[in-house]
Amino acid sequence: DSGVTQTPKHLITATGQRVTLRCSPRSGDLSVYWYQQSLDQGLQFLIHYYNGEERAKGNILERFSAQQFPDLHSELNLSSLELGDSALYFCASSVVGANTGELFFGEGSRLTVL
Amino acid sequence: DAKTTQPPSMDCAEGRAANLPCNHSTISGNEYVYWYRQIHSQGPQYIIHGLKNNETNEMASLIITEDRKSSTLILPHATLRDTAVYYCIVRRGSSNTGKLIFGQGTTLQVKP
Numbered sequence: 097d098s099g100v101t102q103t104p105k106h107l108i109t110a111t112g113q114r115v116t117l118r119c120s121p122r123s124g125d126l127s128v129y130w131y132q133q134s135l136d137q138g139l140q141f142l143i144h145y146y147n148g149e150e151r152a153k154g155n156i157l158e159r160f161s162a163q164q165f166p167d168l169h170s171e172l173n174l175s176s177l178e179l180g181d182s183a184l185y186f187c188a189s190s191v192v193g194a195n196t197g198e199l200f201f202g203e204g205s206r207l208t209v210l
Numbered sequence: 095d096a097k098t099t100q101p102p103s104m105d106c107a108e109g110r111a112a113n114l115p116c117n118h119s120t121i122s123g124n125e126y127v128y129w130y131r132q133i134h135s136q137g138p139q140y141i142i143h144g145l146k147n148n149e150t151n152e153m154a155s156l157i158i159t160e161d162r163k164s165s166t167l168i169l170p171h172a173t174l175r176d177t178a179v180y181y182c183i184v185r186r187g188s189s190n191t192g193k194l195i196f197g198q199g200t201t202l203q204v205k206p
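Protein chains in written order, with the working numbering: chain L, 97 to 210; chain V, 95 to 206.
Keep in mind that the hints were calculated from the coordinates and are not lab data. In this text the structure is predicted, and so the values were computed from the model without any measurement. Any given hint could turn out to be false.
[Claimed, not checked] In silico negatives: residues of chain L with every beta carbon more than 12 Å from chain V:
1. Thr111
2. Ser127
3. Gly148
4. Glu150
5. Ala152
6. Lys153
7. Gln163
8. Leu177
9. Ser190
10. Phe201
[As the list claims (entries may be wrong)] Label pairs and their calculated CB-CB ranges:
11. Gln136(V) x Ser175(L): 35 to 45 Å
12. Glu178(L) x His134(V): 24 to 34 Å
13. Ala110(L) x Ser135(V): 36 to 46 Å
14. Ser176(L) x His171(V): 29 to 39 Å
15. Arg159(L) x His171(V): 25 to 35 Å
16. Asn148(V) x Gly112(L): 29 to 39 Å
17. Gln113(L) x Ser122(V): 40 to 50 Å
18. Gln139(V) x Ser161(L): 44 to 54 Å
19. Gln136(V) x Ile108(L): 17 to 27 Å
20. Lys153(L) x Gln198(V): 18 to 28 Å
All C-beta atoms in this analysis are idealised placements derived from N, C-alpha and C, irrespective of residue type, glycine included.
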């Protein structure tokens, strides 16, 4: 158990819909990272938040947005869903800016878009 | 951050050492080598990291060549539970963000 909690674990929805994925980082971790893993793309970095502020952005679509709240949990919002958005979405957390490089990953949220 | 090259797949017999190579010929002086693994769609798991000295922990050993252009992750006594995708990642030690960029990794199959 990494200490990172993601909900929901599984989600099935239809094209055009909007979903929200939630992540609770490890106690004390200020950084939250979101990754997407689809079959043909591998693990893709989406976005990094540190203490409520966006620190880095990767290959995140404009239809996707994220935020980190004052209690440090984070949400990833996916809108106008397409079939290709079906993937595993991982959240990770780390201490501060994580110069040690150790990220702790949750078990993921599996999104299926039909 | 420097790019890495890993073989796409490897096999290892149970109980034997698994040696997973990684090439990072463009690594800079302030970049660390990290290893993570992902067991069948679970969240990736940190294994070990190093700068230039060899490192060992309860999971594995990391051997970095003197010129730092390549490294090897060693699982001393591989078990079936070590079957996973292993990722070698290079990242700056001092960074405004701790993001890690994953490549395709090496799929290690441990066989009985």
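Quick rundown of the hints versus the structure:
Consistency note on threonine 111(L): stated as away from chain V, and its beta-carbon is indeed over 12 Å from all of that chain's, at 23 Å minimum. Under the 12 Å C-beta cut-off, the non-interface status given to serine 127(L) relative to chain V is violated; the minimum distance is some 6 Å. Separation of glycine 148(L) from chain V is adequate, the least Cβ-Cβ distance of about 15 Å exceeding the 12 Å criterion. Not every beta carbon of chain V lies more than 12 Å from that of glutamate 150(L), the smallest distance being close to 10 Å; the non-interface claim is violated.
Remark: the non-interface label on alanine 152(L) conflicts with the geometry, its nearest Cβ contact in chain V lying 4 Å away (cut-off 12 Å). Non-interface status of lysine 153(L) relative to chain V is broken: a Cβ of that chain comes within 12 Å, the nearest being about 10 Å off. Under the 12 Å C-beta cut-off, the non-interface status given to glutamine 163(L) relative to chain V holds; the minimum distance is some 17 Å. Non-interface call for leucine 177(L) relative to chain V: holds, since the shortest CB-CB distance, roughly 20 Å, exceeds 12 Å.
Taking the minimum C-beta to C-beta distance to chain V, about 5 Å, the non-interface status of serine 190(L) is violated against the 12 Å cut. For phenylalanine 201(L), the requirement that its beta carbon stay farther than 12 Å from each beta carbon of chain V is not met, with the minimum near 3 Å. Between glutamine 136(V) and serine 175(L) the Cβ separation comes to about 27 Å, which falls outside the hinted range of 35 to 45 Å. For glutamate 178(L) and histidine 134(V), the hinted distance range of 24 to 34 Å is satisfied, since their beta carbons lie about 26 Å from each other.
As the Cβ distance of alanine 110(L) to serine 135(V) is approximately 23 Å, the hint placing it in 36 to 46 Å is violated. Between serine 176(L) and histidine 171(V), the C-beta spacing of about 50 Å breaks the proposed range 29 to 39 Å. Checked against the hint of 25 to 35 Å, the C-beta distance between arginine 159(L) and histidine 171(V) comes to roughly 47 Å, which is inconsistent with it. Separation of asparagine 148(V) from glycine 112(L) is about 53 Å and departs from the stated range, judged on CB atoms against 29 to 39 Å.
Under the hint 40 to 50 Å, the C-beta atoms of glutamine 113(L) and serine 122(V), about 44 Å apart, fit the expected range. Checked against the hint of 44 to 54 Å, the pair glutamine 139(V) and serine 161(L) fails, with Cβ atoms roughly 28 Å apart. Against the hinted window of 17 to 27 Å, the Cβ-Cβ separation of glutamine 136(V) and isoleucine 108(L) comes to about 20 Å, which satisfies the hint. Remark: the range hint 18 to 28 Å for lysine 153(L) to glutamine 198(V) is upheld by a beta-carbon distance near 22 Å.
Of the numbered hints stated above, those contradicted by the structure are hints 2, 4, 5, 6, 9, 10, 11, 13, 14, 15, 16 and 18, listed in ascending order.
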